[in-house]
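Quick mapping for you: the protein sequence lines, in order, are chains B and S.
One point on numbering: in the UniProt record's numbering, the residue at position 378 of the first sequence is 378, and numbering is uninterrupted.
One point on numbering: in the UniProt record's numbering, the residue at position 333 of the second sequence is 333, and numbering is uninterrupted.
Each hint should be verified, as a subset may be incorrect.
[Claimed, not checked] If you anchor each label on the Cβ, the simulated ranges turn out as follows: (1) B/ARG241 / S/PRO240: 36 to 42 Å; (2) S/PRO27 / B/GLN358: 49 to 55 Å; (3) B/ASN224 / S/GLU28: 21 to 27 Å; (4) B/SER258 / S/GLN358: 44 to 50 Å; (5) B/ARG261 / S/GLN358: 51 to 57 Å; (6) S/ASP9 / B/ASP155: 56 to 62 Å; (7) B/SER51 / S/ASP25: 41 to 47 Å; (8) B/ALA206 / S/ARG172: 55 to 61 Å; (9) B/PRO186 / S/ASP393: 52 to 58 Å; (10) S/PRO398 / B/ASP165: 40 to 46 Å; (11) B/SER75 / S/GLN324: 55 to 61 Å; (12) S/PRO240 / B/ALA56: 41 to 47 Å; (13) B/LEU43 / S/PRO27: 24 to 30 Å; (14) B/SER258 / S/ARG61: 56 to 62 Å.
Read the hints as simulated data drawn from the structure, not as lab findings.
Virtual Cβ for every residue (Gly too), placed ideally from N, Cα, C.
2 protein chains.
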Amino acid sequence: MINDAPQVDVERLVGELQALAAISDCPEPPPAVTRVVFTETDLRARDYLRSLYEAAGLTVRVDPIGNTFARWHGSDPKASAVGTGSHCDAIPHAGMYDGTVGVLSGLEAIRALQASGYQPRRSIEVVMFTSEEPTRFGVGCTGSRLMSGAMSPADLAKLTDEADDDYDTVRRRAGFTGELSEVRLPGDYYDAFVELHIEQGPELEAGDLAIGAVTAIAAPAQANFTVTGEGGHAGAVLMPRRRDALVAAAEMIAAIDSIARASRSPDLVATVGKLEVHPGAVNSIPSKVTFSLDLRDIDGANRDAVLKQIEVETEQIATRREVQLEHRTLNADPPATSDPRIVDAVVQSATSLGQAHQKMISRAYHDSLFMARVAPMGMIFIPCRGGVSHRPDEYSSPEALAAGVQTLALTLAELAR
Amino acid sequence: MINDAPQVDVERLVGELQALAAISDCPEPPPAVTRVVFTETDLRARDYLRSLYEAAGLTVRVDPIGNTFARWHGSDPKASAVGTGSHCDAIPHAGMYDGTVGVLSGLEAIRALQASGYQPRRSIEVVMFTSEEPTRFGVGCTGSRLMSGAMSPADLAKLTDEADDDYDTVRRRAGFTGELSEVRLPGDYYDAFVELHIEQGPELEAGDLAIGAVTAIAAPAQANFTVTGEGGHAGAVLMPRRRDALVAAAEMIAAIDSIARASRSPDLVATVGKLEVHPGAVNSIPSKVTFSLDLRDIDGANRDAVLKQIEVETEQIATRREVQLEHRTLNADPPATSDPRIVDAVVQSATSLGQAHQKMISRAYHDSLFMARVAPMGMIFIPCRGGVSHRPDEYSSPEALAAGVQTLALTLAELAR
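Working from the sequences, and respecting the hints, build out all of it.
This is the structure we're talking about:
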């Protein structure tokens with residue numbers, strides 16, 4: 001344990017966040033950010049991070065799918081390490097704080113501890129997970145899924161992107177080689193893993209709180225729906241003869257919204273975020289529509305019941321509209337519970353810093369959901385303005401960032417003693 | 001008038017249709033066709049047509065937006081010409097008969113008349129209209145709209161495609177220069193214009209008829225809708241706080257379908273063929289959705305009343321869903337009536353050939369809708385299997401094609417006397 005509040009250089013941290021945001025494929029300038037895994041832009045962001053790690057004297061290791069570990073060696077090389085970190089990929093037209101704050105705050109926490117003269121017994125590692133976002137391959141957290149054994153190398157290798165290239169080909173093309181089986185971490189690799197993240201919700205701001213100590217992560221499920229009707233010329237096929245795939249899909253999307261709003265769990269959320277129309281011409285009746293479903297709840301059983309209800313009601317709509325419906329569940333992960341020892345360390349660190357805090361649940365999922373399978377896990381949330389995330393106007397103030405890094409630094413120091 | 005049935009080489013015609021279908025950007029092979037205006041593929045198709053025209057001894061003229069006129073000179077060079085023709089562009093993943101049949105049948109009819117020894121007094125011209133399909137610029141029939149004065153050169157020039165390039169820039173880049181004001185045809189240019197087209201509906205096939213003599217073309221309207229809600233992370237924003245643009249748009253699309261099905265006119269059809277979701281990520285709440293509306297009726301007043309009703313009901317949905325709605329009517333053209341003299345010429349030609357025929361209405365719109373503003377207009381329909389169009393399985397038999405070309409040839413001969 002260290003006694004004083006670690007000296008955090010928040011200007012440096014904000015500068016690094018801005019430099020990272022400038023590495024983007026978004027047509028709009030920062031703070032709008034697009035950074036999709038295994039693109040040139042993703043690779044440039046990785047190079048930038050490596051330069052920061054090396055400047056801080058950390059030892060960098062990259063695994064066969066690009067998960068990156070930057071280690072500050074502890075005095076006991078045989079002891080399991082303490083991990084922190086998050087991701088740096090960003091969905092199209094997103095903001096500059098989601099994920100990046102967890103990676104750069106981990107680095108800043110280490111620099112602050114180094115400056116304080118603290119010497120860890122356990123090594124402390126900052127992890128940058130590959131592809132937390134599901135943008136390219138349809139499944140999120142592929143880095144941490146493979147690390148934790150939540151997904152097999154064979155299943156990962158055959159995920160495909162929109163160009164129909166498989167994950168294995170794309171990662172190799174990006175320069176990440178080696179055997180996928182080597183990505184999985186041994187069970188004793190981490191003694192503790194703690195991720196700092198913006199809340200992506202409104203609770204901390206509303207309660208004027210600086211720190212959330214996450215006790216559990218909600219259970220996400222993802223599914224794809226394909227509706228097949230009959231195309232034709234928009235002028236020539238009269239209404240009673242139509243089997244319009246988009247009209248049927250529209251009715252399904254409205255039904256999904258109604259089901260989610262009527263759920264017994266107030267935490268259940270359902271989102272159709274992606275939809276594609278075939279052939280997609282102004283004067284052509286849609287013959288095929290595909291759409292995604294993202295369904296989450298902190299109550300895993302309720303989430304599964306709602307997924308079942310959605311399947312039943314969309315099938316009924318398909319029957320009535322005389323279209324075919326296929327749905328495929330891509331993943332339906334169980335919720336994760338934080339390790340009480342880590343939650344306590346976060347709470348005590350915030351308390352000793354005089355930061356207002358609360359225990360809370362994460363409704364968004366994170367790499368920590370999967371890290372919980374291979375290590376005792378905890379998370380630290382900091383407030384973001386209006387609870388906004390995945391948008392260019394996502395924002396956490398320098399004060400919020402500083403409080404987060406200080407809490408993280410004390411927590412890591414405690415866990416690495 | 002010629003006395004014998006013109007000798008049509010239907011094998012040659014089918015071969016030319018297939019050759020044209022092979023000039024395609026569709027990833028699937030013919031009969032699937034994609035040929036969008038001013039692409040390399042469109043230009044290759046135009047080159048192919050020119051080679052056929054020149055082999056038939058026709059004089060080719062191309063106007064400043066690429067409308068192409070192939071003239072068989074009549075004995076009286078001062079007399080207004082007789083026009084026929086259609087378009088060769090194809091929406092994504094379409095078939096090989098829509099439009100192309102009208103262009104190549106016009107050529108085949110001329111070749112048949114030439115072979116018969118017939119000499120026209122009026123010149124006979126095959127027209128290939130630029131961009132009948134609205135795929136690229138959101139508005140269909142730009143070639144015939146400009147020819148007929150239905151659209152001003154200034155309005156045409158500023159239409160934009162998805163890359164945000166304007167029509168004027170794109171046509172120049174494709175090699176079509178000259179002043180847009182020169183495209184408009186003088187009122188005495190054509191003494192008659194008659195277009196042959198597949199029906200794109202089921203009536204002729206159902207009635208076992210070879211020829212439809214079109215008496216009127218339904219009135220189309222097109223509008224764009226933009227729904228703006230609030231984005232955010234799919235996991236973090238609870239259902240009661242959501243203003244999801246896609247859920248609102250879905251409700252609107254279902255409402256449009258209901259309104260169209262309940263319309264007092266059985267000929268009213270409403271289609272949402274194109275929809276785009278922003279940002280379009282699996283785990284992001286849609287903040288913006290744009291969709292197209294295509295609305296047609298042979299009763300122009302009913303169509304306008306339905307458009308009004310759609311505007312009112314979608315506004316109500318927007319208010320209830322707390323999203324913003326903008327709608328913009330791109331065009332709402334009046335219906336067109338065929339010239340009785342041309343309808344009679346078609347009917348008499350079919351009768352003299354012993355082809356079963358009927359007078360009928362066109363529910364799809366065509367370049368002839370606009371040509372009616374600048375010339376006496378008529379259309380000849382031939383059956384297509386199952387009424388299917390705008391799909392790869394669009395099909396008209398060689399027999400149907402032969403009957404159509406013969407009827408067209410006799411009609412042109414009668415009109416060009």
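Going through the hints against the structure:
At roughly 40 Å, the beta carbons of B/ARG241 and S/PRO240 sit within the given window of 36 to 42 Å. About 54 Å separates the C-beta atoms of S/PRO27 and B/GLN358, a value consistent with the hinted range of 49 to 55 Å. At about 22 Å, the CB distance of B/ASN224 to S/GLU28 agrees with the hint of 21 to 27 Å. The supplied range of 44 to 50 Å is met by B/SER258 and S/GLN358, whose beta-carbon atoms lie about 47 Å from each other.
For B/ARG261 paired with S/GLN358, a C-beta distance near 52 Å keeps the hint of 51 to 57 Å intact. Under the hint 56 to 62 Å, the C-beta atoms of S/ASP9 and B/ASP155, about 58 Å apart, fit the expected range. Our hint of 41 to 47 Å for B/SER51 and S/ASP25 holds, since their Cβ atoms are close to 43 Å apart. The hinted range of 55 to 61 Å is satisfied by B/ALA206 and S/ARG172, whose Cβ atoms lie roughly 56 Å apart.
Our hint of 52 to 58 Å for B/PRO186 and S/ASP393 holds, since their Cβ atoms are close to 57 Å apart. Range check, S/PRO398 to B/ASP165: about 42 Å between beta-carbon atoms, so the 40 to 46 Å window is met. Restraint check, B/SER75 to S/GLN324: a C-beta distance of roughly 60 Å satisfies the suggested window 55 to 61 Å. Checked against the given bound of 41 to 47 Å, the beta carbons of S/PRO240 and B/ALA56, roughly 45 Å apart, stay inside it.
Remark: the range hint 24 to 30 Å for B/LEU43 to S/PRO27 is upheld by a beta-carbon distance near 29 Å. In this structure, B/SER258 and S/ARG61 meet the distance hint of 56 to 62 Å, their C-beta atoms being roughly 59 Å apart.
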